[in-house]
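The residues making up each chain are set out below.
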Amino acid sequence: MSAAATRDERLTIAAARALRDGQWCFVGIGLPSAAANLARRLHAPNLVLVYESGTIGSKPEYLPLSIGDGELAETADVVVSVPEIFAYWLQAGRIDVGFLGAAQVDRFGNLNSTVIGPWKTPTVRLPGAGGAPEIAAHAGEVIVLARHDPRTLVGRLDFTTTAGFLDGGDARERAGLRGRGPTRVFTDLGLLEPDPVTRELTLTAVQPGVDAAEIPGRTGWPLRIASPLRVMEPATSHELAVLRELKARTARAHGRTER
Amino acid sequence: MAEILPLDAAIARHIHDGDVVAMEGFTHLIPHAAGHELIRQAVRNLTLLRLTPDLIADQLIGVGAVSRLVFSWGGNPGIGSLHRFRDAVEHGWPRPIELVEHTHATMTAAWVAGASNLPFGTLRASPGTDLPPLNPAIGSVECPFTGERITAVAAHRPDVAVIHAQRADRLGNIQLWGILGVQKEAVLAASRVIVTVEEIVSRLDRRPGDILLPAAVIDAVCEVPGGAHPSFAQGYSTRDNAFYAKWDGIARDRQRFADWIDRHVRGTRDMREFLEGIRAQ
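Top line first, the protein sequences correspond to chains V and R.
At position 238 of the first sequence (counting the first as 1) the number is 238 in our numbering, and the numbers step up by one without a gap.
At position 224 of the second sequence (counting the first as 1) the number is 224 in our numbering, and the numbers step up by one without a gap.
Bound-form chain V, shown alone (with noise of 0.2 angstroms):
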């Protein structure tokens, strides 16, 4: 009897059945490269990993810590430089979908990895932007993983590190963003995707067993709730076990280099 499935397990599993076979995802480290090998390993075997390391087709044995482990360089279809990923993948249209994470998500699917406070004078001051700016603008949609809290969902983000619908409506057209943006927004306790008009990030469905109501306490900006709320499917059995053989490979992995 395996334990019930933890909050990052079913945010990493809602996330991974949202990849289809045969897709060309651009991923970023940590919940979304995890969800993203999840999805290789279940019903998406095709699924193309790209890397900004410029690794494309990875297919490693377990997950990387960085996102230029050698595992995913000598498991890949092919290496190229970084420009080249950028410049000749990335930009030119080749991606299906990006696969992002952040410190701050907004209404409008907007992203801060930047900073807390100015950016001159941060209280906290987070890694950057990376490859992210240009993977949610060139990517043919986003998909973003994070965890449901005020802090990371809030009110106004305190730096535009990468767009999503920026003010809602038709902005992110009006900017010249090509992607279709974020279309979805995976979070512990579920789904939130953009009104079709507002593009106002809307709670469309929950996991199983939570209660819709404390979703807008814990969300930064008066969340609208759809009706009817949809009830995601379970975490199965199967898709668990994957997923937790995935982590204890990648414990012993990284285990293995230690002094």
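Treat the hints as calculated values from the structure; they're not laboratory data.
Take the hints with a grain of salt, since some may be wrong.
Here are some chain V residues pointing at chain R (derived, C-beta under 10 angstroms) [unchecked claim]: (1) Leu-63; (2) Pro-83; (3) Leu-90; (4) Ala-136; (5) Ala-175; (6) Ile-215; (7) Gly-217; (8) Val-242; (9) His-254.
C-beta: ideal position from N, C-alpha, C; glycine also.
With chain V fixed as given, assemble chain R onto it according to the hints.
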């Protein structure tokens, strides 16, 4: 023309206080041994160019060697913050640091332009974001053919580029493979080039996906086995992920960091002694 030198001599000859220094290597092939040598020689006031300032930058920033950082992502990959980088930005410790901040795509365009001897590179950067107005090296041009506004990024032309590679031959031709990052561009954009290598061999047997950098564009080649640690050299070593995790604790505390640098970097003569020291722990 390339000269085969010990690393300390190469650094002393080619890197001076106040230089603009690129130390590239995208997770793979990070020139850590050269970073240590800059600390031992107490080089100051550097402008450091690096897409992903990770542990190598944390160490140089933590000892106060860097006055300006040009970068696009500053973290400990998969672990979290770079605490010395954060301390410098958030508290000016041990000295204030000026940031010139890019995205990977804009920084990469600056490298391609530098390698091509162009004044600027072009790309379609993301509109609607807060970063480009904060970086004076990012502007825009009108496409002469379509009228479209295209992002322009001033070229990187560093005084020195430092990279780590798998192999060199005795003439100083350089061979690298695996994740290649922007090392070729950084080398071709720089006025002077130092390359540390895992080994110097008499003949460079080609590998799938490798590139060669001819000796004509290299100034100094230094044989430093393990010179990328805790990063790695595909075919020679694997990434020491456990060290990256351990670094979080070392760098979190000013005193613990200072003690670590004194013991493991200033207290050792070279990469061989450094590796012996951390393996003994």
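Inset, instruction - Tell me, in ascending order, the numbers of any earlier hints that this structure violates. - result: Hints 6, 7, 8 contradicted; others consistent.
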